[in-house]
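Chemist: Sequence:
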Amino acid sequence: MAELEGLGAGGVGTDPRRVLRQGRAFLDFFWDIAKPEQEVRLAATESLLRHLREGRKDDELKYTLKRLVEGLGATREAARPGFSLALAQVLQAFEEIPICSVLEQIKERHNLEKVKKKLVRNAAFGNFFGVMALFQSGRLVKDQNALLESIRLLQQLAHHQAHLRDLPRKTLIDIMSEVPESMFEGVLFGILQSDLASAFTSPENLHLLLVGIQKFPSVLKPKKLKKLFGSPTVVNEENIPRLVELLQSAAKSEKKDKKLPSVVFDLLQVSLKENAFELFWEEGVENRLLKEKSGPVSYMCYRLLGSALPLLSLDQLQMVLKGKVMQHYGEHVVTSQLPDRSKFAPEMEGYIEEFLSSCDDSERQLAVMIGFSTLTNQGNPVFSSSSRVVKHLQPLALQKYVDWLKDMFLRPDFDCCLDFSSNRQKQNKENANIAQHKITRLRKWIIHRLANIIESTVKKEESLVMDISRFCFFHAFFEAKKKTSQINEANVLPAEPLDEQAHFMTENYFFGLLQTLNTMTVLGDTEKAAALREKHIHGVTADGKLWIFLLVEYANKLLSSEHVKAVKPFTKEQRDAWGRTLQSVEKLQKQNKSDSAKVVAFQQLLLLMAIHLFKNQSETVDVLSDLLNCTERAFSKEPKKKKTDNTEPGWVEVMVEILLSLLAQPSLLIRRISKSVFVRICPNLTKRGLQLILDVLDPYQEQNEESAVVVMEESDKKVKSAQDTDEEEDEDSSDEGNALAADESDEELDDEAMMALDKNISALFAEQQKRVQAKKDEKDRIRKEKILRRDYKIKVLDLIEAFLTKQSENPLVFDIIEPLLQVIEQCMSTDSDKQEVDFLKKTANIFRNSLCRMKQYCKRVDVLQEDLHAFVERLVKKACKHTDSSVALYYFSASLYLLRVLKGNTSDKSSTTPLPEKQNTAIPQASQLLSTGCLDMERVTAVYRQALTQFLTKRNSALTSSMFHDLFTRFPIMCKPLVDTLVKSITAGARQHQQAQACLLLRNVLLRRELKLFMTEEEWEELIRESISQVTKSLKAVGKCIPKAEKEKVAKSFELLNLLLKTVTEEHLHVKLTEVEKVLLGLNQPEGIGNSARLDSLYWNVMRWLNYTKPKKEKTANKPEQETESLKRKKKGFLPESKKRKNRKKGIKENGVAPAAGEDGDPAAPEEQPLGTETPKQKKGLVPGGSKHKNQNREVRENGVAPAGSGEAAVNGGDAVAHKKKKKKKNLNRKRKGDGSNEAEQVPAAKKTKGSVSQEPQQKQSKAKEKKKAKKAPLPQD
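Numbers 1 to 1278, taken from this note's numbering, label the letters of the sequence shown in order.
Treat the hints as calculated values from the structure; they're not laboratory data.
Every value quoted in this text rests on a predicted model; they were computed, and no experiment measured them.
Honestly, I wouldn't trust all of these hints.
[To be verified] The calculated lysine-lysine pairs, modelled on DSSO-like cross-linking and capped at a C-alpha distance of 27 Å, are: (1) Lys687 - Lys795; (2) Lys426 - Lys293; (3) Lys1078 - Lys1047; (4) Lys675 - Lys545; (5) Lys795 - Lys806.
With these hints in hand, go ahead and build the complete structure from the sequences.
Modeler: Right under this line is the structure:
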């Protein structure tokens, strides 16, 4: 026990240096605990605990406690919580550590009385986090003495509010809430009695009292409370003023936290417990707090209202929801809609949602929903009509809420509403009929609320959905003449009849509701409903009926009723169309289930247009008539007549025209149903029907129409402008004449003449202004029409995409290819505004993903073989003619799609290339690879050979190598016919780039294993021989110095040659390599291949197949040179000898004189010539010594062997590239310095002049500084 006490108290024991010597890993735990990242701190704490448990060493545990206690008062704020948590975990893990001794160690280490003034803050936080660690360990409430000392310490820390604010008080409250009642009564009450007695002096003390009353009611009884502060209850009339002051102080102290102060919520709970809630709410909150008109106090009242909802009874809820706080909140919501205003509505909605989700009482739920729905601003509820909180309503509460909404719609009762007007609305007196204005606003909100209930995810029955739908439909299109029990919606007459605006508003919301019904999943818990949901069927009831069909039945019932009348009565023609529609729908329901997709399509469209007959009668009746005729023809059982050119269009063409016209409608529901209908009739689509869709996308047709319009407009403008100019000239001439006359007789003009002249001038300017405005309006009209036309085309593209997706095996797909390509081509050449770019992207995505990359394709092309081959030729030729490679790529991809279709189809005439016997047995899939299907190989080969020849011989071809790479990859059968063209183009290419591309393509072709399936062994060997011969001829033309433009060609030639020589070696082919070996040896030039690391590496990869290896260079040759260089490097921070005053003149004499000639009478070598003594010719590079001839005397390798002592390092493969890069960088630095790097090596470090260049530090200087220093260098003295 003594050891443990010494452990906790930090007594002298083990030498701490022994702990430090144990290793760095243990000490790193404490560094990580202090880091700001929470994840790092937690991981370090876990690692420390694991280490202490496994080691069980007293010295480590003692050192840990010492370090953690010291870290509690760390300067860094992020470190303190880390050390506090680590200390809590250690105390929890090692219960043998006395907690009192740890508390004494904390108080001793962070003594507030002895610490310096500037460290008081750290010491205060050290004590606070120390108590927090003891409390978080869970052992503090078990130790009475430690608990008392901790409470005293927290009371002492409460005086340091400047640093800790209210943290000690909050911790004291947390500790008290965890203490058992017996310990509170026996231990804590005595020490906290003074704080409890002064509860009304600060919010913290009041909070302490409120927590004690709730936690220990049997201890803090009314009698004891009266002894403490003179009253048996907290909430009473006497204490209200003091409580209000404390609540105001609490609100202002926590305004940045944006949450309800805990003391306020506890006071609310105590007031409920003392049955004084009404007093607290009315006197304290409404009559005192709200009158202060302070932002933090107002927000506190709103939060108190939201937090109180789960705690209140039904009567209390109704009182609160009709009070001043609600009205104050409503005014805030209205005024906060202005910009730069804080908005509380989302937070209040969160309180409502929390209450509804936790409350099971439907009456209380309904009270809250009605309470917020009746908070109105001139009739319009401030509660959002699209709020999602309704999803938490109980079914009974939801039904009652819907009934209340419907009743308020029919009989608006503003007496039950908490209605208010803002100051601006009170000042605005434009609305004379304010009562009607309120009713209109309320009805608009209610209809939207009803429609949103159907859209929400709340659990609802089909009867409720149908009830809301009927209600909206009835009040959108009908009116009740008198009450009738036969129709529920006519059972109650509106107290205030609906005007035209109300009907129009309800109509708009109804069609939004109709769209929701069309996409709604099946409701109900039955097995049939679950089965329909699994099939992802939308827009139907559990028994499979369409929602829209039920509404049409209801509409028919209303039309036949005598007690109601339509807002827009039908004419005889419209009534006949309505009747025919119902008959047609009945017939469709009796149709055979085999045509179910077509039946559903027609039925859905007929019902939708029937509903729209109530909205747009004149427009819809024509569409409905065409649709009815189309339906009769589509489902007629008469035999089909043979079509001639003069016959009327079929039902599919009529349906397509109807759908195209409906796509232009602004209604999203109509467009969605039109697309779904088109998907269902896709299998019946004809070529004429498809052409109707493609005509909309035809860019040339649109261009012709626009050009015609523009031409007409321009011609009109020219005529008008000519007339205008004539009139203006006449006016100008008359004005000039009048002006001259005025000049001649100024005195004769009186005031009336001047006024008349002013009127004429103002009329002239007004006329001119009208012309300018008319031109602007015309331009704006044309721009808007273009936007609408482009938007319509984007919608039509959805039909194309749907057809390609659903009918990818339909032969009509081939008719879509060229129109899409024309759209892409046209969009590429026009202006690039955002809408145009979107249109282009969508078209390109459809072409690429829905057409070219589709796995399914047409399998019935026997009749279309000739047309498809001609189509391939046409596409490839257009790709060749294009100048834009991006457009050419789409044409080429389309041709590859047709190739796939032709190759994938089988015909009687299709043949398979005979295989060699060995290969035929080796590869079972060979016959499939070699099958040509319906391909005419000679015809296809000719067109692609022509394209390949153009790509490799024409300088500016739009074709790219990736196109032919795709051709060879996807269709290996095309490799053999085109490989000869590639071989010839190695030397016959137009430029080096084309020759390089020929090498690249040939290499890719040779790598394909399928190529050998199409060739005999003799043909394969001949191909390899001819390829090597062509590459050899190409490399022969390469000079000793390879220019930059030719490096690509040489690199690709080496890569191809590497594959060819590998093939010859591994397959033991009889190919002579003498010529290629001779050419390759001749290319081994330092100024050629040796100049490029990549070419050098590729070169030696080729040479190894000819039994040549890259010569290895001895690294020892560079060692003496490196040693001398290291000796010459001057020490940093020391003055060079040549800069010292005593040696300056000496250095000039020694370095200033250069020898005139060498031993043989030749000029001095560059290495022997000091810097600054070059002649002008040497500086220009005309004689040795200049930078351009620095490598002139370099020895050349012969036959792959470098002379000894050349100084080049020996590297192989990838090392060669790295070595060349380093060498290139070194040479580049030397070039920047001129010749100084070589000459400076011969000058002693102690005698370098200003012109000499040092190795390491001075190499970083710029070229301009070097030239400047070279000019300042001393000249040679005679």
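Chemist: Now, for every hint given, state plainly whether the structure supports it.
Modeler: Verification of the hints:
no., hint, verdict
1, Lys687 - Lys795, "holds (20 Å)"
2, Lys426 - Lys293, "holds (20 Å)"
3, Lys1078 - Lys1047, "holds (20 Å)"
4, Lys675 - Lys545, "holds (20 Å)"
5, Lys795 - Lys806, "holds (17 Å)"
In summary, this structure violates none of the numbered hints.
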